[in-house]
Amino acid sequence: MSSDSSYYVPASSRMPIFMAFGLLLFVLGASFTMNNWGEEDSNAHWLLITSFAVIWGTMFFWFGSVIKENDSGMYSGQLNQSFVWGMAWFIFSEVMFFFAFFLALGYVRLFAVPWLGGEGEKAISNILWPGFEAAWPLLVTPDNEQFPGAHHSMSIPAVSKLHTWLPFWNTLCLITSSGTIALAEAGLRKGNRTAFKLWMVATLTLGYVFVFLQGLEYYEAYTHMGLTLGAGIYGTTFFLLTGFHGFHVCLGAIILTIMTIRGFGGAFSDHDHFGLAAGSWYWHFVDVVWILLVLVVYIF
Amino acid sequence: MSAVIDSHHDDHHHGPAKGFSRWLYTTNHKDIGSMYLWFSLVMLFIGGAMAMVIRAELFEPGSQIVSPEFYNQMVTNHGLIMVFGVIMPAFVGFANWMIPMQIGAPDMALPRLNNLSFWILPVAFGILLSTFFMEGGAPNFGWTFYAPLSTEYAPPTVTFFIFSVHIMGASSIMGSINIITTILNMRAPGMTLMKMPLFVWSWFITAYLLIAVMPVLAGAVTMMLMDIHAGTSFFKAGGGGDPVLFQHIFWFFGHPEVYIMILPAFGIVSHIIETFSRKPIFGYSSMVYAIASIALLSFVVWAHHMFTVGMPIAGELFFMYSTMLIAIPTGVKVFNWLSTMFKGSLTFETPMLFAIAFVALFTIGGLSGIMLAIAPADFQYHDTYFVVAHFHYVLVPGALFSLLAAAYYWIPKWTGKMYDETLGKVHFWMSFISVNLTFFPMHFVGLAGMPRRIPDYAMQFADWNMMVSVGAFLFGISQLLFLFIVLKCIYNGKAATTEVWEGAKDRGFEWTVDSPAPYHTFSSPPSMESLKSSS
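Protein chains in written order, with the working numbering: chain A, 1 to 300; chain B, 1 to 535.
Chain A with its partners taken away, still in its complex shape (with noise of 0.2 angstroms):
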C-alpha cells in the first residue's frame, strides 16, 4: 500500500521494442533452424546468433539504466516493493512451468506406462505390443526400434557405492550453495563486503561444478548408458526435467556471476541490494527444485 506523498513513474524508454524486436528476431531464428535441421545450405542459425546478440544487448542497457535511475535516488519505497513484488510473481510463473514437467512424470508413471503394461479394465497395448511389461525406469519400450531403451538408469545406487553417484555430489554442491549464499546476504547486511563477496565466490564455484557434474552426467548417459533423448518417456523425462533445472542453474549462475562482479565493483550497501537479493531467491527456488527432482526422478 502507498504511503508516499506522491508517485515515480519513468520515462518512455527504448528498450521494451528493442526486446520485442529481439524476440522477433528469436522465434524466426529458432523456428527456421529447427525447420532447416541439417540442411547444408542454411542460414537460419545466424539469424538465431543475432537475436540473442540483440536479447542479450537490450538486457544489459535495461539493467543499467535501472541501477543508473536507482543509483540517483530516484526509485521510492513503493517502487522497490513493486519490484520484490514482480520478482516473487515471476518465480511462481518458473514453479508453475516446471509443474507441466512433473505433472507429465506422475502421469506416465501412475497411469500410462502401467496402463501400457496391461493393467486396468480397459487396456489394449497388450494386443498392440505383445510381452511389453510396465516398469520404472523404462527401460524396455514398447516400440523398443524406434525408442531403443536405455542400458541402466539414473537411480540411486546402493548406499557403499553412494560417493559414485553424481547427483549424490551435484545434490551436495546445490544445498550447500543455498546456505553459502545466505551467508553472503548475512554479510553484505551487517556490512562485512570481506564476507560477502568471499561467500558469493564459494557461491557461484558450487554452481559451475554442478553444470560442470550435469554436463558429465549427459556424456556418461550418451556415451555409456544408450541413455539419450530418443530413448523412450524414461530418457525424456529425465532429460527434461533435469535439463530445465540445469538450463535454469545456468541461468542463476550468469545472474550471479553479474551480481558478484558488480559486488566488487563496490555496488550495492547493506539496505539497498534488491538486484542481488532477486538473484538470492531465484538460486533458493533452483534449490528446491532439485530437491523435488531428485526425489522423483532419481531416487523414488
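These are computed hints drawn from the structure, not numbers from a lab. The reader is advised that the hints may include incorrect statements.
Derived DEER-like restraints, expressed as beta-carbon distance ranges [as the list claims (entries may be wrong)]:
id, chain 1, residue 1, chain 2, residue 2, range
1, A, GLY191, B, PRO189, 27 to 37 angstroms
2, A, GLU145, B, GLN460, 43 to 53 angstroms
3, A, ILE127, B, GLU69, 31 to 41 angstroms
4, B, ARG453, A, GLY38, 27 to 37 angstroms
5, B, PRO516, A, VAL288, 46 to 56 angstroms
6, A, GLY64, B, GLY19, 48 to 58 angstroms
7, A, MET59, B, LEU447, 49 to 59 angstroms
8, B, SER21, A, MET59, 20 to 30 angstroms
Chain B is nowhere near these chain A residues, computed Cβ spacing over 10 angstroms in every case [what the hints assert, rightly or not]:
id, residue
9, ARG14
10, TRP46
11, LEU47
12, HIS151
13, ALA202
14, THR228
15, GLY265
Covered stretches of chain A, as calculated for chain B (at least 3 residues, CB under 8 angstroms) [said to hold, decoys possible]:
id, stretch
16, 106-118
17, 161-168
18, 176-190
Beta carbons: idealized from backbone N, C-alpha and C, even for Gly.
For chain A, the structure is supplied; the task is to place chain B on it using the hints.
Positioned in the frame of chain A, the structure of chain B alone reads:
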C-alpha cells in the same frame, strides 16, 4: 527524491510525446491500454473474417468454396485468434486503462514491462498469421492442438506456431505480474482489499490464474517441440508416453483459461449494472468470494473436456461433480446481479443493454455447460455443435458483449466525448438478434448429432445451418457498425461530463477525474474521502 513524475522529461507533465515513436516507446498505461484495445479490435476483424469463411462454407451442405485443408486452417486460427488475440488482450487493455484509475495509482507498477507485454503480441500474431504463406499452410489441428495431430501429423509451420504461443504466454505472464503487482502495491491509502472495485478484484484473481497456467501451456508446447524435433516420446505410446497426457496438460491450462476469459467480464458487468440501477452492487463480498471460488475450482475440473477419452470411472465421476460445483458460485453472481437490478431506478443505455444481455445469454451458456458436465450425457454431446453452441454462448454474448459494454461505458472517460446513443442501441439490437440467430440453432443441430470441425454435413442439418450462416454474416456486419461508432465518437462526439453517467457518482476514482482523463491521472494518491458511498 522519492518524488516526481520524472523531471528530466517535460513531456510527462504536459502530455504524450509527438509522432509514432510515442507508441513504440510509451510507458503510459493509457497509451498501452489503447494499443491493446485497438490490437484486439483488429484481431477481432481478422478472426471474424475467418468465421465468415467458415460460415460461407457451411451455408449449404457439400463442398462449397474452400478446400477441407484450408477449412481446418480457418477453424484453427479463428479459435486461436479469438482466444489469444481478441478476448485476452482486450481485457488486458481494459485492465491497463481502468485499474490504475480505479485504485488511484499514477500508472501500472512496472511501466516498461507493460510496454514489452504489449509489443510482443503483434510479434506473436504476425508470426502466426505469416504461416498462411509458408509451405504446408497454417496450423490446421484445431485451437486445442491435440497431439499427435499437432506433432506427428502437423504441417512444418507448427514450429512457428509453438514459438508464437510461447511469446503470447510470455506477454500474458508479464502483463499479469504487472497487474497483480499494481493491485497489491499501488492502491490509494485506505483502499483495503474489500473496498476495491469489483473489476479490480476480478482482474486480481484472473492475473493469478494467468501466472499459474500460462507456464503450463508453455510446458505443453515445449513437450510438443521436443517430440517433433528432438525425438522424445511424451505423447508417443511407442516410447512409453501417451497422447492423452497432452490433453491433460492442455486442459489443466485450458480450463482456468476459460475463466480467464470470463472473470474480468464479471467485474465489468457488476460495475455497469450498479451504475444503471443506481444502487450499489448487491452482495459485494459474496461477489468477491464467488470469483475466488470459481478460480480455485477451475484447477480441479479440467478433465470434463475429456470424458470420452477413456478415463477410469473414478475420474469421470470426480470431474463431473467438481464441475457441477462451479454452478454454485456462478449462480451467486447471477442472482446478485438480478438483486442489484431489483427495485433499482433502471435506465437502458447501450452499456446496460449489453450487460443485461450478458446476464441472460451467459446464463444460457452456463446451463448448457451443466448439461455437458453430466458425464454420461456428454458421450452424446461430445464434439458436436452443441459444444460449439455452448462455448460460443459463453464467449460471444458472454465475454465479447461485456467487452462491448465496457467500451461504451468507459469510452466517454477515455475520449472526453459521448458516443452516439441511437447508433449504440442499433448496434446492440443487431448484435443481440444476430448472435442468437447464429448460435441458438447450433444447439439443435448439435443434439441431433452434427459433428464440429467438419466442412460438410448431412442434408437434414441444411436449414438450420443456413440460418446460422445468415446470423453470422449479420453479426459480422454489426461489428463494423461498432467500429464506425467508435470512430464517430472520437472525431465527432459531444463533450462528456466528469461523471459521465448519472448513476456513476462515487462508484470509483475514475469518475472523479476529468473526461478525458489526464495523461497522468494522479500525481499523488487520491483520498478515499472523495468516494463517499462506494463499496
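Comparing the hints with the structure gives:
The beta-carbon spacing between GLY191/A and PRO189/B, approximately 34 angstroms, falls within the hinted interval of 27 to 37 angstroms. One distance hint, 43 to 53 angstroms for the beta-carbon pair GLU145/A and GLN460/B, holds here, with the actual separation near 48 angstroms. In this structure the hint that ILE127/A and GLU69/B lie 31 to 41 angstroms apart at CB holds, the actual value being about 33 angstroms. With their beta carbons about 34 angstroms apart, ARG453/B and GLY38/A fall inside the hinted range of 27 to 37 angstroms.
At about 48 angstroms, the beta-carbon gap between PRO516/B and VAL288/A stays in the expected band of 46 to 56 angstroms. Evaluation of the 48 to 58 angstroms hint for GLY64/A and GLY19/B yields a failure: the beta carbon distance comes to about 26 angstroms. Our hint of 49 to 59 angstroms for MET59/A and LEU447/B holds, since their Cβ atoms are close to 55 angstroms apart. Evaluation of the 20 to 30 angstroms hint for SER21/B and MET59/A yields a pass: the beta carbon distance comes to about 21 angstroms.
Its beta-carbon lying about 5 angstroms from the closest one in chain B, ARG14/A breaks the requirement of being farther than 10 angstroms from that chain. At roughly 17 angstroms, the least C-beta separation between TRP46/A and chain B is larger than 10 angstroms, which holds for a residue marked as non-interface. LEU47/A, annotated as away from the interface, keeps every beta carbon of chain B farther than 10 angstroms; the closest lies near 13 angstroms. For HIS151/A, the shortest C-beta to C-beta distance to chain B comes to about 16 angstroms, beyond the 10 angstroms cut-off, and the non-interface label holds.
Every C-beta of chain B lies more than 10 angstroms from that of ALA202/A, the closest at about 31 angstroms, which supports listing it as non-interface. Taking the minimum C-beta to C-beta distance to chain B, about 8 angstroms, the non-interface status of THR228/A is violated against the 10 angstroms cut. The Cβ of GLY265/A lies farther than 10 angstroms from every Cβ of chain B, with a closest approach of about 24 angstroms, so its non-interface assignment holds. Residues of the stretch 106-118 of chain A lying with their CB closer than 8 angstroms to a CB of chain B number 7, which satisfies the three-residue condition for coverage.
Chain B is given as covering the stretch 161-168 of chain A, and this is violated because 0 residues of the stretch bring a CB closer than 8 angstroms to a CB of that chain, at least three being needed. Counting residues of the stretch 176-190 of chain A whose CB lies closer than 8 angstroms to any CB of chain B gives 0, which falls below the minimum of 3, so the coverage claim is violated.
Comparing the model with each numbered hint stated earlier shows that hints 6, 9, 14, 17, 18 do not hold.
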